[in-house]
Amino acid sequence: MADEMMRFTQTLGESLRERGVSRRGFLKFCTATASMMALPPTMVPAIAAALEKARRPSVIWLSFQECTGCTESLTRSHSPTVENLIFDHISLDYHHTLQAAAGEAAEAAREAAMHENEGKYLVVVDGSIPLANPGFSTIAGVSNLQMLEETVKGAAAVVAVGTCAAFGGLPHANPNPTGAVSVSDIVKDKPVVNVSGCPPIPTVITGVLAHFLTFGELPELDHLGRPMTFYGQSIHDRCYRRPFYDKGLFAETFDDEGARKGWCLYRLGCKGPMTYNACATTRWNQGTSWPVESGHGCLGCSEPNFWDTGGFYNALSIPDSDITRNIGAVVAGGVVLGAAAGALNRSKRASAAAKHETVTIDDLDKTS
Amino acid sequence: MQKLQDIAVRVEATDGLPLNHSNATPILHEILHALQRLLNEQESTTIDLRALPFGPGDEEELLNQLGTGEIRVELNSLGRSLITETAYSGVWLVDHRNADDQRIALQIEITPIPSILKAQNEDVQDAIERLEDSLNPSCTETAGP
Amino acid sequence: MSTPTDFLLWVRGPGFDIALVIFLIGVIIRLLEVLVLGRKPDLAEARGTEMGPGLRTVFTRTLPESGSMKRSPFTVVGGYVWHIGFLICLFLFVPHIELINSTLGVKWPGLPSNLVDAVAAVTIVTLLAMLFSRLNHPVKRFLSGPEDYLTWLVTFLPMLTGYLAYHRMIDPYPLVLGLHILSVEVLMVVFPFTKLMHAFTFIFARWYNGAMAGRRGVQS
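Residue numbers (this note's numbering), protein chains in the order written: chain A, 1 to 368; chain B, 1 to 145; chain C, 1 to 220.
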């Protein structure tokens, strides 16, 4: 218990030195952290200075209407040294999937963490919040909405992990039977960071937490509340297949010549042009690959309403209507109407000619 | 347990040649400019290879082009790190691994000597203390409250 | 219509359908109502053929005429620059070819995107210069009516929104892409009922001029 308290008050620098980690090791750790946070290598000294003094923040993780995919993603971060060190320095005080305690004890842990770290703790949320009926999703008999409002009250900031928490996610899909909303729909008076993705890239989740740990503040956000360092550029702009798009070389099916040569997947419904995420550089599974590299277009999972955008295999900017298939009927309709208009013009001309009266000199005399 | 990175993957184009997406060339140009800056303005540069949108084969192509030079250093702290000079003097490849030998950072440094190799003041201070302790064991015994 | 993506889905779905139907039916009506009318038979003896000189005129009148080139070089050169630029952007930008291919099933090779981007910038600047000249030149201003400004606007907006979309200058991207598609749909709707019809009628008008001259045995 004394040890536990000791670790609690130590800074990260002190704790590493105590474990016999050299300054070189610490710099290596900072380099890896900078790389993970997608910050330029020139930031390493600043990160080292900040991490030296960093104290472990308390984190309360709330899971609402979700599939646990985000937690699965997080626990597969696969860079044990860096992430473990970070998690050693984040006090994950409540996570009902990962924690050992259950029932009363679990809820007591949450309340204790909130009480002890009033105004300083970080709330991480995965899953959307149902508003249609509070009974749709409850934890220990407490509705998601109530638990969120209660927990967020004393928080420093809220991190919405996954597209469900960030934008409503799959539960929010048309027709949204549970009345699901995102965290930012409810939390208005605290900073909210959206770490979207279905699931988010593991190192992006830890990268955002590392940023908070390092600098004690939240990273710069885009118009959807996502960290610019990870969501600042579209998949399309960072895609290594982009040159094929610019040259107009497209795979037509998933097994044709173009697909084998690794051409652009735009025509197969890739949502890369409208999706902002770090997949193209960070990649998945320890940097092994990412969807486009493995031959499948981007689904756009880090964007709001990605499941309601008219099918994963339809390019978003290309019309998908029936009209194009019935173009013959439209043309025929035009011909009929045009012929009718022409006939009308002809009859007008004919009647004008028929009504035309010849004027003689006598007529002119009469009128004058 | 077999790790993902141990599974040998060789990306080939349809004609059987190793595939790359020509992204190595612009990085080589960047390295050239960084070398010129190093010589003329003594300015070091670090390129984080993890932040580059490489396609399959690009990283291999870049590392092939850079080759291996005269120096190879292994650092053991929080896992292994390999620091190697490439065939181009002043261009270093810094490969940081964790305790499970998984890569946690891969960088190219254009500098006379990578900063991580230099002895750090904190570590030197620690060394002084430890060496003093071992040279004067009696001191530590007598020195007390 | 709550989110930018919903907006994009509407403009590329029902919006595009509406615009395409109005455009197609409108163009066909406008062409047929003139063509069905026909011409009075020319009873005079023909001194030459119609077809050859007619077709020749369709092409020769595409070239600048030296008189107007001398009188108002800016109008002539500017007109060529933006017309050619507009056609390059419309028909040689790869995503546009993709769109035409998926709608009509025909395709052709495009130009590199960055080249089209440069052409688009030139076209936008030229269109602005043409408007400026129209507003400042006393004769041009006198000759211009509301329709002239309307057609300028509906031609300019697709160029502008396309440029903004390509460079992602407006967030979020689905919004600016949706605005681009919408601006083209406005152009398609306005097209058949304004002077923009010249894109089709110029062929008939020129052919008729050439054919008439050819029949009379004079040079058109």
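Bear in mind the hints are in silico, worked out from the structure with no lab data behind them. This structure is a prediction, so every number in the text was calculated from the model and none was measured. Be aware that a few hints might be false.
Heads up, simulated EDC-like pairs for lysine to aspartate or glutamate below, C-alpha to C-alpha not over 20 Å straight-line [as the list claims (entries may be wrong)]:
id	chain 1	residue 1	chain 2	residue 2
1	A	K348	C	E33
2	C	K107	A	D246
3	A	K53	B	E122
4	C	K107	A	E252
5	A	K247	C	E33
Status of the hints after comparison with the structure:
{"no.": "1", "hint": "K348/A <-> E33/C", "verdict": "holds, 12 Å"}
{"no.": "2", "hint": "K107/C <-> D246/A", "verdict": "holds, 15 Å"}
{"no.": "3", "hint": "K53/A <-> E122/B", "verdict": "holds, 15 Å"}
{"no.": "4", "hint": "K107/C <-> E252/A", "verdict": "holds, 13 Å"}
{"no.": "5", "hint": "K247/A <-> E33/C", "verdict": "violated, 42 Å"}
Hint compliance for this structure: hint 5 alone is broken.
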